[in-house]
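**Q** Guided by the hints, dock chain B with the ligands onto chain A, whose structure is given.
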Amino acid sequence: MNEVVKILVIEKSYIIREGLKALLSQMGLAFRMDEADCIKDSFQKLLEKYEPQVVIANQLQLSEKWHGNRNSTAFTGLIIIGIVHSIPDENQTSHFDFTLNVMNSKSALTNDFQDIFVKIGLVSEENDSETISEREADVLRLVALGLTNNEIAERLFISVHTVMTHRKNITRKLGIKTVSGLTVYAILNKLVESGELKGGRKE
Amino acid sequence: MLIHKDMKMADVIHLNHHLLHVINRFGIQLGFGEKSVKQVCELHQVPLPFFLEIVNTFHDSTYFPVESMLQFKASELIEYLHQTHQYYLDFRIPEIENYIRRLTNDNSFDEEIKVLLLDFFRQYTHELTIHINKEEQRVYPYVLALEHYLQDNKLEKELVEQLKAYSIHEYEEDHDDVESKLFDLKNILIKYIPQPKDSRILNLILHEIFELEKDLNNHAHIEDLILVPIVEKMEQDFLTISNQDKTL
Ligand SMILES: [Fe+2]
Ligand SMILES: [Fe+2]
Chain A
1 MNEVVKILVI EKSYIIREGL KALLSQMGLA FRMDEADCIK DSFQKLLEKY
51 EPQVVIANQL QLSEKWHGNR NSTAFTGLII IGIVHSIPDE NQTSHFDFTL
101 NVMNSKSALT NDFQDIFVKI GLVSEENDSE TISEREADVL RLVALGLTNN
151 EIAERLFISV HTVMTHRKNI TRKLGIKTVS GLTVYAILNK LVESGELKGG
201 RKE
Chain B
1001 MLIHKDMKMA DVIHLNHHLL HVINRFGIQL GFGEKSVKQV CELHQVPLPF
1051 FLEIVNTFHD STYFPVESML QFKASELIEY LHQTHQYYLD FRIPEIENYI
1101 RRLTNDNSFD EEIKVLLLDF FRQYTHELTI HINKEEQRVY PYVLALEHYL
1151 QDNKLEKELV EQLKAYSIHE YEEDHDDVES KLFDLKNILI KYIPQPKDSR
1201 ILNLILHEIF ELEKDLNNHA HIEDLILVPI VEKMEQDFLT ISNQDKTL
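Note that the protein sequences, when read in sequence, are chains A and B.
Going by this note's numbering, the residue at position 112 of the first sequence is 112; the numbering climbs one at a time, nothing skipped.
With the second sequence counted from 1, adding 1000 to any position gets you this note's numbering.
In isolation and in its complexed conformation, chain A is listed as follows:
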């Protein structure tokens, strides 16, 4: 992961908030935690303010009243974890992607967190899943040489769509977004020679 994960915790209990912070710190995850002890304004406003990728909310603060909104486009991509104090009733927690029982032991909670973060792809199980594949390296080489997506597709006999998927994965894995940034990476890793680059790099 290349960016700090923003986590918003909505929980009244200070002790639970601190406990969550301690557990999260052991996950090998770079995160920033913002805290709201209750929803004064709307949930929507909190999301706009903190722009979290993950929300961990007390079940009572984010009750099933709000359920109907879950499918709204404003929440696509957002992961919501519900804090519960007992084994939850299915229909009270269906608006959460995951639940976390704070009455559980430390090791159980650590496992739960681990499972959740692996499932949503914020923590990887194997360490090497972030290195680029050979195919991706081929694409990266051609990007650095200044070829367009269409040209790359032709050269490698794959569809433009596939090229775009490769590029997305390259950017995600390396944490480099721009063509000139990828070019620098390609040179540093000897995927291309600086002599091969035609004149000025474009972008």
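FYI, nobody ran anything at the bench for these hints, they're computed from the structure.
This one's a predicted model, so the numbers in the text were calculated from it and none came from an experiment.
Glycine included, each C-beta is placed from N, C-alpha and C at the ideal position.
The reader is advised that the hints may include incorrect statements.
As the list claims (entries may be wrong) - Derived BS3-like pairs (lysine-lysine); straight-line CA-CA distance at most 25 angstroms:
(1) A:K106 <-> A:K21
(2) A:K6 <-> B:K1073
(3) B:K1073 <-> B:K1164
(4) B:K1214 <-> A:K173
(5) B:K1191 <-> B:K1073
(6) B:K1191 <-> A:K190
(7) A:K6 <-> B:K1038
(8) B:K1214 <-> A:K49
(9) A:K177 <-> B:K1233
(10) B:K1233 <-> A:K45
(11) A:K21 <-> B:K1214
(12) B:K1073 <-> B:K1134
(13) A:K106 <-> A:K12
(14) A:K177 <-> B:K1134
(15) B:K1008 <-> B:K1038
(16) A:K49 <-> B:K1233
(17) A:K49 <-> A:K12
(18) B:K1008 <-> A:K6
(19) A:K6 <-> A:K21
(20) B:K1164 <-> B:K1191
(21) B:K1191 <-> A:K177
(22) A:K119 <-> A:K106
(23) B:K1186 <-> A:K168
(24) A:K106 <-> A:K6
(25) B:K1164 <-> B:K1233
To be verified - Where chain B lies over chain A, by a calculated footprint (3+ residues, C-beta under 8 angstroms):
(26) 167-176
(27) 184-195
**A** What follows is chain B with the ligands alone, placed relative to chain A:
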């Protein structure tokens, strides 16, 4: 804890020395003595609420009081944004470039890598300069003219036509982010540069980039969330007035 008007300015710096650069943008320099924030602002004729809100958004990254910031005067805001641009171009950017030049001094890196980084950083500087020039030459003058018109209500037909020809929506739509290359540079330096014998200069560069990035983010937030709505409101007032006046 937010910065409060009755705190001593010297204590503000003790609390958070990163704020010095921001405070300079208001024309306020070191040598505060025992003066409070309020007194220093009065001395330099800086509007106190404006100063406090801006400084506090830097001090506490979760603090961004849109409602109260929408009360700012457009010309004040633009003066601040302008000073910020100057700071980037005249100070921060050359400083980073200097550090990059120094990378080969201790033989930590090959000349080739230095050239590569320098070249990349210059492309970034070029992008940033274009972005800033567009704002300084097109957008800010427009906003200032609009404010001027609304204050004086001078009904010069030519000016009114000029103002009608542009809208802040144009700016809003193509106001691109200038952080992508910086983001890339961070990862290149942190992850992909060959390990140097000594990374002290690299550390300095990274530190500068993180600071610049944070500053740019705050700056863009102010432009998008404060300047644009303030100007939108002014445009509405302008339309109302200019439509009422049949002579135009
Ligand atoms: Fe700007
Ligand atoms: Fe801008």
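**Q** Decide, hint by hint, whether the structure agrees.
**A** Cross-check of the supplied hints:
At roughly 13 angstroms between alpha-carbon atoms, K106 of chain A and K21 of chain A fall within 25 angstroms of each other, so this suggested pair holds. Taking the CA atoms of K6 of chain A and K1073 of chain B, the gap is about 33 angstroms. The hint is violated against a cut of 25 angstroms. The suggested pairing of K1073 of chain B with K1164 of chain B holds, with an alpha-carbon distance near 21 angstroms, which does not exceed 25 angstroms. About 23 angstroms separates the Cα atoms of K1214 of chain B and K173 of chain A, which keeps this hinted pair within 25 angstroms; it holds.
Pair hint K1191 of chain B plus K1073 of chain B does not hold up; C-alpha atoms about 44 angstroms apart against a cutoff of 25 angstroms. Of the pairs offered as hints, the one joining K1191 of chain B and K190 of chain A holds, with about 15 angstroms between alpha carbons and a cut-off of 25 angstroms not exceeded. For a cut-off of 25 angstroms, the pair hint linking K6 of chain A to K1038 of chain B is broken: about 35 angstroms separates their Cα positions. A threshold of 25 angstroms between alpha carbons decides the hint, and for K1214 of chain B with K49 of chain A the separation of about 17 angstroms falls inside it, so the pair holds.
A hinted pair counts as satisfied when its Cα atoms are at most 25 angstroms apart, and K177 of chain A with K1233 of chain B does not qualify at roughly 36 angstroms. Simply put, K1233 of chain B and K45 of chain A have alpha-carbon atoms about 22 angstroms apart, close enough for the 25 angstroms limit, and the pair holds. A threshold of 25 angstroms between alpha carbons decides the hint, and for K21 of chain A with K1214 of chain B the separation of about 24 angstroms falls inside it, so the pair holds. Among the hinted pairs, K1073 of chain B with K1134 of chain B is consistent with the structure: their alpha-carbon atoms are about 21 angstroms apart, no more than 25 angstroms.
With a C-alpha separation of about 20 angstroms, the suggested pairing of K106 of chain A with K12 of chain A holds against the 25 angstroms cut-off. For the proposed pair K177 of chain A and K1134 of chain B, the alpha carbon gap of about 24 angstroms is at most 25 angstroms, so the pair holds. At most 25 angstroms may separate the alpha-carbon atoms for a hinted pair to count; K1008 of chain B and K1038 of chain B meet this at roughly 9 angstroms. A distance of roughly 23 angstroms separates the Cα atoms of K49 of chain A and K1233 of chain B; the hinted pair therefore holds under the 25 angstroms criterion.
Distance hint between K49 of chain A and K12 of chain A is fulfilled; the C-alpha atoms sit about 19 angstroms from each other, no more than 25 angstroms. Taking the CA atoms of K1008 of chain B and K6 of chain A, the gap is about 34 angstroms. The hint is violated against a cut of 25 angstroms. Of the pairs offered as hints, the one joining K6 of chain A and K21 of chain A holds, with about 12 angstroms between alpha carbons and a cut-off of 25 angstroms not exceeded. Distance check on the hinted pair: K1164 of chain B and K1191 of chain B sit about 50 angstroms apart at the alpha-carbon level, beyond 25 angstroms; violated.
A hinted pair counts as satisfied when its Cα atoms are at most 25 angstroms apart, and K1191 of chain B with K177 of chain A qualifies at roughly 14 angstroms. Between K119 of chain A and K106 of chain A the alpha-carbon distance is near 20 angstroms, which keeps this suggested pair within the 25 angstroms criterion. A C-alpha spacing of about 19 angstroms is found between K1186 of chain B and K168 of chain A, which places the hinted pair at or below 25 angstroms, so the restraint holds. A distance of roughly 23 angstroms separates the Cα atoms of K106 of chain A and K6 of chain A; the hinted pair therefore holds under the 25 angstroms criterion.
With a CA separation close to 14 angstroms, the supplied pair K1164 of chain B and K1233 of chain B stays within the 25 angstroms bound. Counting residues of the stretch 167-176 of chain A whose beta carbon lies closer than 8 angstroms to any beta carbon of chain B gives 3, which reaches the threshold of three, so the coverage claim holds. Counting residues of the stretch 184-195 of chain A whose CB lies closer than 8 angstroms to any CB of chain B gives 6, which reaches the minimum of 3, so the coverage claim holds.
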